[in-house]
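If you read the protein sequences in the order shown, they are chains D and X.
If you count by our numbering, then the first sequence holds residues 1 to 455, one letter each, in order.
If you count by our numbering, then the second sequence holds residues 1 to 455, one letter each, in order.
There could be a bad hint or two in this list.
[What the hints assert, rightly or not] Below, a list of computed lysine-lysine pairs in the DSSO-like style, where the Cα atoms sit at most 30 Å apart: (1) X:Lys3 to X:Lys70; (2) D:Lys5 to X:Lys317; (3) X:Lys418 to D:Lys134; (4) D:Lys63 to X:Lys63; (5) X:Lys221 to X:Lys191.
[What the hints assert, rightly or not] Non-contacting residues of chain X with respect to chain D, defined by C-beta distances greater than 12 Å in every case (computed): (6) Ala86; (7) Ser97; (8) Asp184; (9) Thr205; (10) Thr212; (11) Thr226; (12) Asp247; (13) Glu337; (14) Leu340; (15) Ser362; (16) Ala374; (17) Gln379; (18) Arg398.
Simulated from the structure, these hints should not be mistaken for lab results.
Note that CB positions come from ideal geometry on N, CA and C, so glycine has one too.
Here are the chains, one letter per residue:
There are 2 protein chains.
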Amino acid sequence: MAKQKPRTLSGFMELLPARQAQFERMAELLRRSYSLYGFTPLDTPIIEASEVLLAKAGGETEKQIYRFTKGDSDLSLRFDLTVPLAKYVALHYAELSFPFRRFQIGKVYRGERAQRGRFREFYQADIDVIGDGKLDIVNEAEIPAIICQTFTSLGLERFQIRVNNRKVLNGFYAMLGLSDRAGDVMRTVDKLPKIGPEKVRELLTGEDIALTGDQAGEILKFISITGSNHEVLNSLEAYRGRHELFDQGLDELSTVVKYLGAFGVPEEKFAVDLTIARGLDYYTGTVYETFMTSHPEIGSICSGGRYDNLAEYYTDKQLPGVGISIGLTRLFYVLEEQGLLSDQLLTAPADVLILPMTDDLSPAIAFATKLRAAGVRAQLYTEPKKFKQKMAYADRLRVPFAAFLGEDEISQGKVSLKDMATGEQRLMSTGEAAQAVLSALEAGRNAAPIREKEE
Amino acid sequence: MAKQKPRTLSGFMELLPARQAQFERMAELLRRSYSLYGFTPLDTPIIEASEVLLAKAGGETEKQIYRFTKGDSDLSLRFDLTVPLAKYVALHYAELSFPFRRFQIGKVYRGERAQRGRFREFYQADIDVIGDGKLDIVNEAEIPAIICQTFTSLGLERFQIRVNNRKVLNGFYAMLGLSDRAGDVMRTVDKLPKIGPEKVRELLTGEDIALTGDQAGEILKFISITGSNHEVLNSLEAYRGRHELFDQGLDELSTVVKYLGAFGVPEEKFAVDLTIARGLDYYTGTVYETFMTSHPEIGSICSGGRYDNLAEYYTDKQLPGVGISIGLTRLFYVLEEQGLLSDQLLTAPADVLILPMTDDLSPAIAFATKLRAAGVRAQLYTEPKKFKQKMAYADRLRVPFAAFLGEDEISQGKVSLKDMATGEQRLMSTGEAAQAVLSALEAGRNAAPIREKEE
Chain D
1 MAKQKPRTLS
11 GFMELLPARQ
21 AQFERMAELL
31 RRSYSLYGFT
41 PLDTPIIEAS
51 EVLLAKAGGE
61 TEKQIYRFTK
71 GDSDLSLRFD
81 LTVPLAKYVA
91 LHYAELSFPF
101 RRFQIGKVYR
111 GERAQRGRFR
121 EFYQADIDVI
131 GDGKLDIVNE
141 AEIPAIICQT
151 FTSLGLERFQ
161 IRVNNRKVLN
171 GFYAMLGLSD
181 RAGDVMRTVD
191 KLPKIGPEKV
201 RELLTGEDIA
211 LTGDQAGEIL
221 KFISITGSNH
231 EVLNSLEAYR
241 GRHELFDQGL
251 DELSTVVKYL
261 GAFGVPEEKF
271 AVDLTIARGL
281 DYYTGTVYET
291 FMTSHPEIGS
301 ICSGGRYDNL
311 AEYYTDKQLP
321 GVGISIGLTR
331 LFYVLEEQGL
341 LSDQLLTAPA
351 DVLILPMTDD
361 LSPAIAFATK
371 LRAAGVRAQL
381 YTEPKKFKQK
391 MAYADRLRVP
401 FAAFLGEDEI
411 SQGKVSLKDM
421 ATGEQRLMST
431 GEAAQAVLSA
441 LEAGRNAAPI
451 REKEE
Chain X
1 MAKQKPRTLS
11 GFMELLPARQ
21 AQFERMAELL
31 RRSYSLYGFT
41 PLDTPIIEAS
51 EVLLAKAGGE
61 TEKQIYRFTK
71 GDSDLSLRFD
81 LTVPLAKYVA
91 LHYAELSFPF
101 RRFQIGKVYR
111 GERAQRGRFR
121 EFYQADIDVI
131 GDGKLDIVNE
141 AEIPAIICQT
151 FTSLGLERFQ
161 IRVNNRKVLN
171 GFYAMLGLSD
181 RAGDVMRTVD
191 KLPKIGPEKV
201 RELLTGEDIA
211 LTGDQAGEIL
221 KFISITGSNH
231 EVLNSLEAYR
241 GRHELFDQGL
251 DELSTVVKYL
261 GAFGVPEEKF
271 AVDLTIARGL
281 DYYTGTVYET
291 FMTSHPEIGS
301 ICSGGRYDNL
311 AEYYTDKQLP
321 GVGISIGLTR
331 LFYVLEEQGL
341 LSDQLLTAPA
351 DVLILPMTDD
361 LSPAIAFATK
371 LRAAGVRAQL
381 YTEPKKFKQK
391 MAYADRLRVP
401 FAAFLGEDEI
411 SQGKVSLKDM
421 ATGEQRLMST
431 GEAAQAVLSA
441 LEAGRNAAPI
451 REKEE
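All chains, please: the whole structure from these sequences, using the hints.
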């Protein structure tokens with residue numbers, strides 16, 4: 001028979017078993033972390049009617065959409081989890097209670113140009129809190145705590161959450177009479193880490209944006225405000241009273257900083273950073289980015305912010321919210337590239353590989369059943385192979401334990417349990433074996449998936 | 001602004017939060033159950049190259065495919081998890097160890113005619129064991145144990161796994177010289193529960209299939225063999241020696257039955273059923289169907305079997321295997337329709353809703369942080385609403401506990417914890433509150449998602 005060459009599309013991540021186990025562990029920890037903060041899991045279709053999904057989209061995004069017809073239907077694959085959330089909340093408004101807190105971990109699709117580290121199918125892990133009409137600032141203050149707890153649970157230690165407030169930015173630009181050019185200015189300021197302050201000044205005073213030297217100077221002075229959170233807030237106080245929106249933003253930023261301690265966020269994990277802007281229209285209050293301090297080149301690994309109108313394309317209801325998103329597939333790819341996936345995590349498919357040595361397999365099977373009832377992941381290996389091949393299989397799977405049941409063991413009601421790492425082999429009762437495996441593997445099962453190297 | 005009416009496509013399941021939590025619990029228990037048997041989680045793309053995905057497909061299946069082009073690529077959405085597995089195993093053959101045991105829970109797509117209870121996007125939950133060249137019969141004997149453990153962990157009590165062996169069937173038809181008509185005969189016999197034996201006899205001896213009266217009589221006698229597993233096996237022994245394939249199938253079936261006890265499968269959960277056939281070409285050994293004994297009208301909720309050649313469209317390697325699949329979305333739909341989703345399972349988004357009663361929220365936030373560190377799912381409610389509205393929100397979310405922190409509580413370093421079910425309210429330390437919540441909710445958190453009614 002002619003064979004079809006098997007292949008996986010480029011831009012689509014497909015992992016080998018041990019890596020997949022590591023990825024699953026990350027997803028499990030995200031679910032657990034989000035749940036602790038009262039977010040409920042949600043799942044929405046990957047396919048939506050194009051008219052619904054693309055109610056807002058346009059330009060760059062629309063070009064990337066996987067869009068097609070089936071029968072009479074014009075369909076599209078979701079390109080993020082925010083638009084489906086907006087649809088969900090507008091559609092099920094009457095059946096939901098607000099604030100509505102949901103998390104969703106799911107695949108999204110973007111037909112981007114294929115290149116290394118860019119994915120066309122990738123997981124996003126999102127949380128959002130949606131209010132009905134209003135949403136209290138404490139929800140914005142809580143987000144850094146969630147980011148901090150989430151990455152800490154994954155095993156990441158060296159990261160920093162950088163926070164700004166769009167009202168502070170917009171209020172400041174309004175003070176300078178630059179509201180109409182705020183977008184251009186912010187895009188330019190965004191380049192600061194890459195091109196430095198002098199080049200930024202040149203661009204700001206160039207013919208496109210055409211600021212005066214004074215205005216450019218004010219901006220450069222403003223964005224160079226750094227220091228501890230309280231130092232930055234104190235410096236901002238000097239601008240108070242000149243514009244209402246600015247004052248409101250400063251109050252919000254102060255509230256976010258005030259509650260950090262109570263939320264359990266260590267000081268060094270959080271910084272007010274006036275250069276963080278995050279796009280132009282959507283965000284209206286606090287904005288967040290998260291950087292790995294040892295790998296700033298990766299860019300933000302968790303971003304988001306406060307918005308005023310989640311579902312304006314679907315409903316007249318004012319639905320403000322605050323949310324963050326982790327690009328899980330890209331993060332996993334980067335962690336692997338950087339060698340930051342922990343080898344402490346147990347990723348073998350089973351805890352014990354059971355090797356029966358007799359024709360009647362009943363005792364070995366009964367042992368497997370007993371192990372499983374005790375919560376031990378057990379695999380029976382009954383293929384008719386030589387002993388050496390069986391052990392090679394155990395090695396390749398990297399199972400931590402092998403168990404042998406021969407005539408001797410069976411007649412004594414016992415089992416020989418071999419620790420594959422140390423090579424040590426001990427005869428013990430089946431109950432003892434279950435306990436021995438569980439206690440030996442507790443650390444490996446609960447290990448964090450990420451492990452940063454010593455610097 | 002003109003609004004786009006929000007809607008979800010028909011044939012796509014989108015659940016409200018409490019139901020979604022119940023679905024997630026089912027998926028979590030499936031993952032746990034499959035892991036106990038040494039299956040490793042796998043994830044493959046939802047989109048594949050059409051030439052790869054449709055290497056085998058044809059006829060009815062192909063018509064249902066979501067197929068489209070993007071740029072130069074001819075793409076299709078997967079319609080099951082078996083073809084992607086075949087691709088995966090053929091593609092990564094050199095990097096896998098065999099037997100390769102994987103589970104996959106993922107969405108698949110079929111553009112079926114929309115009707116109640118039929119889904120175009122649905123989850124399948126599959127396990128497969130793939131051998132390299134050969135695969136021992138014990139893998140087939142283990143499957144009923146996995147089915148039994150899985151459904152039991154979900155809370156289902158009244159179900160039965162019905163098992164047959166294709167070699168027994170094919171051998172039997174060969175004895176009667178009917179190998180060329182075995183397909184037609186099996187399709188007709190499949191109708192037995194619906195149309196009864198006399199109508200089956202009519203069809204078998206009718207002009208399409210044209211069996212002799214003797215042949216039809218032999219078949220009806222054969223498929224009417226019932227009784228305990230050992231009675232059925234004994235009756236089958238009477239046919240031994242007449243055809244090699246039959247004898248081999250009978251040996252396999254006997255082995256499967258022999259090990260049931262050691263695998264922990266209760267006698268009443270398992271029946272050898274000679275009317276189970278499961279399609280024509282693909283399956284070659286043991287075949288499985290699973291029925292809810294109180295709802296036989298639902299049909300099989302978990303089916304599968306042994307096959308000889310998983311990936312013949314991609315590789316010359318002979319890759320035999322055995323697998324089963326649960327149509328999770330349809331099962332969930334049916335369980336809900338039948339009122340079999342348990343209300344004992346805690347599906348609220350949080351365990352405790354914290355209601356601060358002071359302007360400074362720090363003590364309430366610190367309490368939330370403490371609860372979360374103890375593993376309690378806590379939500380802060382800080383919207384400026386009247387007390388009655390806050391309690392109504394707690395009621396609607398069905399959170400089991402509300403916690404109040406007023407000046408009195410704060411000055412004493414305590415919290416008032418209210419059990420929302422009983423209305424009882426007690427003043428206690430924050431540490432006591434965490435413990436009280438955890439112990440009160442242990443049952444609800446660990447409850448099974450399915451609960452059958454008393455008959």
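Now for the hints, and whether the structure bears them out:
{"no.": "1", "hint": "X:Lys3 to X:Lys70", "result": "29 Å, holds"}
{"no.": "2", "hint": "D:Lys5 to X:Lys317", "result": "13 Å, holds"}
{"no.": "3", "hint": "X:Lys418 to D:Lys134", "result": "27 Å, holds"}
{"no.": "4", "hint": "D:Lys63 to X:Lys63", "result": "28 Å, holds"}
{"no.": "5", "hint": "X:Lys221 to X:Lys191", "result": "16 Å, holds"}
{"no.": "6", "hint": "Ala86", "result": "8 Å, violated"}
{"no.": "7", "hint": "Ser97", "result": "4 Å, violated"}
{"no.": "8", "hint": "Asp184", "result": "25 Å, holds"}
{"no.": "9", "hint": "Thr205", "result": "37 Å, holds"}
{"no.": "10", "hint": "Thr212", "result": "37 Å, holds"}
{"no.": "11", "hint": "Thr226", "result": "27 Å, holds"}
{"no.": "12", "hint": "Asp247", "result": "19 Å, holds"}
{"no.": "13", "hint": "Glu337", "result": "19 Å, holds"}
{"no.": "14", "hint": "Leu340", "result": "20 Å, holds"}
{"no.": "15", "hint": "Ser362", "result": "4 Å, violated"}
{"no.": "16", "hint": "Ala374", "result": "10 Å, violated"}
{"no.": "17", "hint": "Gln379", "result": "3 Å, violated"}
{"no.": "18", "hint": "Arg398", "result": "10 Å, violated"}
Consistency with the previously given hints fails for numbers 6, 7, 15, 16, 17 and 18, ordered from lowest to highest.
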